[in-house]
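Student: Spelled out, the chains give:
Number of protein chains: 4
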Amino acid sequence: MKVQRVEMFVCPSATPSDTSGLQALADAGKVTRDNLVALVGKTDGTGFHDDWGRVWADAALREWTAGLLGVPKDEVAKHVIFVLSGGCPGVITPHIAAVTRDWVEVGQPGSEKRLAVGRAGSDAIPPEEVGRMGMIRKVAAATEEAMKDAGITDPKDVHLVMVKVPGLTVGSIKDAESRGHTVVSHDLTFGPEGAGSYANDAAALGVGLALGEVPESKLADDVVRRDWNLYSEVAMTSSGGEKRHGEVVVFGNSTASVSALRIGHAVTRDFIDAAGVRDALRVAGLKFKDGLPDEADLQRLVHVFAKSVIPGSDQVRGQHITLLDDHNAYQIGKALGGMLVASVTGRTTNYVSGGERNSHQGPPGGNIVAAVVRAD
Amino acid sequence: MKVQRVEMFVCPSATPSDTSGLQALADAGKVTRDNLVALVGKTDGTGFHDDWGRVWADAALREWTAGLLGVPKDEVAKHVIFVLSGGCPGVITPHIAAVTRDWVEVGQPGSEKRLAVGRAGSDAIPPEEVGRMGMIRKVAAATEEAMKDAGITDPKDVHLVMVKVPGLTVGSIKDAESRGHTVVSHDLTFGPEGAGSYANDAAALGVGLALGEVPESKLADDVVRRDWNLYSEVAMTSSGGEKRHGEVVVFGNSTASVSALRIGHAVTRDFIDAAGVRDALRVAGLKFKDGLPDEADLQRLVHVFAKSVIPGSDQVRGQHITLLDDHNAYQIGKALGGMLVASVTGRTTNYVSGGERNSHQGPPGGNIVAAVVRAD
Amino acid sequence: MKVQRVEMFVCPSATPSDTSGLQALADAGKVTRDNLVALVGKTDGTGFHDDWGRVWADAALREWTAGLLGVPKDEVAKHVIFVLSGGCPGVITPHIAAVTRDWVEVGQPGSEKRLAVGRAGSDAIPPEEVGRMGMIRKVAAATEEAMKDAGITDPKDVHLVMVKVPGLTVGSIKDAESRGHTVVSHDLTFGPEGAGSYANDAAALGVGLALGEVPESKLADDVVRRDWNLYSEVAMTSSGGEKRHGEVVVFGNSTASVSALRIGHAVTRDFIDAAGVRDALRVAGLKFKDGLPDEADLQRLVHVFAKSVIPGSDQVRGQHITLLDDHNAYQIGKALGGMLVASVTGRTTNYVSGGERNSHQGPPGGNIVAAVVRAD
Amino acid sequence: MKVQRVEMFVCPSATPSDTSGLQALADAGKVTRDNLVALVGKTDGTGFHDDWGRVWADAALREWTAGLLGVPKDEVAKHVIFVLSGGCPGVITPHIAAVTRDWVEVGQPGSEKRLAVGRAGSDAIPPEEVGRMGMIRKVAAATEEAMKDAGITDPKDVHLVMVKVPGLTVGSIKDAESRGHTVVSHDLTFGPEGAGSYANDAAALGVGLALGEVPESKLADDVVRRDWNLYSEVAMTSSGGEKRHGEVVVFGNSTASVSALRIGHAVTRDFIDAAGVRDALRVAGLKFKDGLPDEADLQRLVHVFAKSVIPGSDQVRGQHITLLDDHNAYQIGKALGGMLVASVTGRTTNYVSGGERNSHQGPPGGNIVAAVVRAD
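Read top to bottom, the protein sequences are chains A, B, C and D. Take the first sequence: its letters are residues 1 to 376, numbered as in the working numbering. Take the second sequence: its letters are residues 1 to 376, numbered as in the working numbering. Take the third sequence: its letters are residues 1 to 376, numbered as in the working numbering. Take the fourth sequence: its letters are residues 1 to 376, numbered as in the working numbering.
Heads up, incomplete: computed chain B residues facing chain C, CB under 10 Å, no partners named:
| hint | residue |
| --- | --- |
| 1 | S17 |
| 2 | F48 |
| 3 | G53 |
| 4 | V55 |
Just a sample of chain C residues kept apart from chain A, beta carbon distances all over 10 Å, derived:
| hint | residue |
| --- | --- |
| 5 | K174 |
| 6 | D227 |
| 7 | G346 |
Straight line, CA to CA, 16 Å or less: simulated EDC-like cross-link-like pairs of lysine to aspartate or glutamate:
| hint | chain 1 | residue 1 | chain 2 | residue 2 |
| --- | --- | --- | --- | --- |
| 8 | C | K243 | C | D74 |
| 9 | D | K289 | C | D290 |
| 10 | A | K287 | B | D290 |
| 11 | B | K287 | A | D290 |
| 12 | C | K287 | D | D290 |
| 13 | B | K174 | D | D227 |
Since the hints were derived computationally from the structure, they do not count as laboratory data. Glycine residues also receive a C-beta, built at the ideal position from the N, C-alpha and C atoms.
Sequences and hints are given; from them, build the entire structure.
Tutor: See the structure below:
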């Protein structure tokens, strides 16, 4: 039988256009035109709207990948999924993680579940469905399909689902309204009533629906960004005006994988909850000694993916914080997530995105943490 | 014999001018005109140069204290030391800690060392001595005097020394130059060559000299902000153009105290070193369970004082970070220190100051953490 | 007959709590408990949400005014209207303008129209009316009443209407929804879909309705922040969650005034339109020489009130600008308005508020400018 | 005789990597491998230290130019001078101006002086000379050489001198100190005592020396960034750690040019002095009508180059401004210069650099403005 062998290579980036780490992997035969599934990274820069570091990184990586694959730049997206999150405030090292999947012939399934990856595109999502049930359902369907592609049947084996969905634009709003539809918001930002926030959160609920985290009976247009008790523990979502379909990448563990890696996840219960980060490492399979990850065992940690959504409340464990009033809350909120993870893992090459306020990605006030470790 | 009994009361502040917590302490007879030694706090606001939150808090606290003491506002500083650090980015709750010292008659010294506090003013420090050996020596002398006031003889019993010294101003530079002297810098900022940074760092070396952390033979004008291997592990210093003398408050443990509190300190070895924070709690006397502070025992934690000086290097544990290139590094650097402490203590009412780059306050790349606990 | 004599005194503020200029006016008998109508000012600070400079100024001014009037602090608002706009980026000097109105007995009305001021409170505006027709109508009614108070009958004589209205809060939204009503937005910010923006803009449309600038037939809930062709040329509005009623101050010219002052207004047609600022000075009565305000005549300029709303488009006169993408657009947009005015008036003590994107205060892309001059 | 014909083409940039405007010029034969002298532009982004927009633009423009010239990328700098200034806050449109120079055979010199351009490299400037007399003298020599290259003999005919010089780096400081030399500063920033500021300002004094604006007798190491009465009215300078030599481009008018263009300059006397901007347009040759540039004649305006150095004083025309206390002063200061120019020219494609505090580029508190117009 054919099973997959997934690898993940974390390459620090000296500049946004630095592809030297990827090239070294290609030269060594580790990353090939046939096995490259996704490039997931944090790019150098402020992370604000006019952060050209992310755009430059995107251009440089697409050019490099086009060269690797031998296809035109604008066809790269058909083969490889790009998830680039801008902004490395504080102790987040800019980096690109290359995810590869080789198919190998084995006599029988593995005795234990190992890292598997699968992906799928959704049906087209028109602007009137953005941030609403239409998007939720289509993302849910694509998540189920990506699980199949990953060879995962039990939703409990899914530990991270990265999703990119269409957002709204001036143009797509006009299109929807000209056809007699309304849209979820005219605010094109990622603010509390922004279309970007609605898109991201509907996508998260779609993942939750597919995985059974959120019952279908509780879902409706008007729970999006209203009922924070509905959430996914494994969805990390983003949106962009240029997209027409959703893209889903599922990471989980499966006996249909002989990967050397394993993934696990946990959630933090509030914004300072280091225990939640430790839980993710423990679930992924790191040994602990005296309540902390064993220093030697930490070498087996391959990567951490974490959200750092700002709490909607101005209270942390009963005390007032002023983060919600801070002009730089978006940047500082992301930086704080980076510190929370780094202070536990002892390293700075963590994928930490966030900064927005409130989300269906993770529980109210808390955040999602997933960890990939090398099996011992 | 007369011994001291020191208490520390941490009052969250709803606004910069909120003195309700202090008033409640005064109403309860815990803070009195006779026992109030110092008000040490973090004030709501950005922490930048035009942050009026700190100034408003200072005005409101001086007015309140003048009322408590029954003296004019401009005489308050003779009786009570104010250390207000502006800026509560991230998870730092604005608060004021009131430090009181009562003198009680006992038959014999305590069997164990408890929290003692002492203070002293330095000789006048003219502008030409700011950031140089003159300031170092005068701060050292005042530190020794404050130790005596605290009843502490062994420098090892000192765990925190808060110092305020004169900085430079346009006026004081003119004064020095008109008398034929030079000054350490014409840059009035807290930048890398700023007079404020030189003043703070000379003060830190003065503490180090008094405590034997820095040998006198290694000190000279030109090691200030050059030789980072010279540092104090317990000095937290600040400077202001309006001052003419240094002010020193020493916190340590002494058998001449029957306080219910005890203090301890440690240093972090780099910017993500949560172990350093845990060390401070352990040294102060908290019990640990499975490598982490025991949850029940954490109730005995009264307060944490920490610096969050940004490392001078762009590397943390071998990986590049971009903090030094960040326009908001000052604010983010402070926020990250707040997260490092809060993630260990599980609370947000920590005194965390910093944001500047490099310092003789703490080791290169690392920072000072002091903890006050209620003895069990 | 009784006519009014209005004066306006502009006092630069050294700090947010500086009331020395006002006190000097009180000492000189120019500002009295009987004649003080309004304090309108720009306060030192960032202008962002956590700018305590504005809050401190508000507290200090209310305390000073309470002393002047001999009433408790919380009754000051019944007698004097406070309009404090936070943030003095760039070349805007922090200042407070005191507006006074004395009543004098004259034999007959003046031969020319002079500065008159009037004010009125609106009926209570419940949360469900915020940003909607209810608010528009109540502000319109109050504007008409304030015109009467000012002795102005022709809307063309009105050149500036300052309005403060209730915004939404977590509490008031709950209240409205518990009574079965919806609210205009759950976003409590001043962002594009923020309740604060809706409140300000409904207030502006209310002024426009009262003055005949906007026909009632075109008004409806869903034109607010949608149809930018509806606007007032003289409304400067703000909103706050603590208010329950609207407050309106009308400035115009009237023969029922023997003031030494006169007011005029104009609008800029886009963000760099210095000609619009010059127009306001010309309309108010300054002489021009060679296309520019005559230098000697400029001495007669008393004050300028201007909005600096950021254009909703990323184009200025056919060229792309990046302001809409700038994290600091709010602050920079306000600063640019300050420069546009100062570059024409040759002084920095101008009242310039703004920074938000799009508004019914002024035409699309342009802004309101009103000028008060001493009649020659 | 051979005379030059200089052209200047201003191309707005949609993104940092947009070379379409240049390519259109190349396609039209206006910009060629033989005539391209310099690319001078403003790049999209924040202008802060981590603004990757400028770096990306630099990479893209070098690649495009290498293609045009048919040389390797790292040889482009030998042929074409790049001056890219990062940051387009407010109303500054990102753009690239291409400067070309063709040599044409004419019978006799022109009857009037027209735009001429010349360039020269300086001798190597070692780190110990950065910001000091060594740099001043070498820049002066190169300026004289560039004047010769431009065919200009009278310094009064020089209206703009763009200079790039070496700054200091950690490495070059080590190098200087290892050879027994000191350096001007260990602060590598552009702050008040930063090496970058010293380098820029020594370069400006070098231009002033060459042009006779600053007498040699007044120059010494210790007047740099101290005696602000010494300045050039035409120097726009920048510095970078990667450079070893200075580069100078002189723009002026000469009878040895048959260009259709002409250049002129003036200075503003303070930060809000629109008259200074108008003066530059007038000197360059625009007609004025009623004190303002004639609207029709403004079509002849080709480009404006302006500095926006922040004043060292907190007073503008006798009133306090808070710009010096503003965390974003660098960005806002640049934006304000952009508004001052745009409010006069009625267009946003102006080259405005600055944001730093105090400079020998222009008079104390004022700034340099140069304008290029098409002769009528």
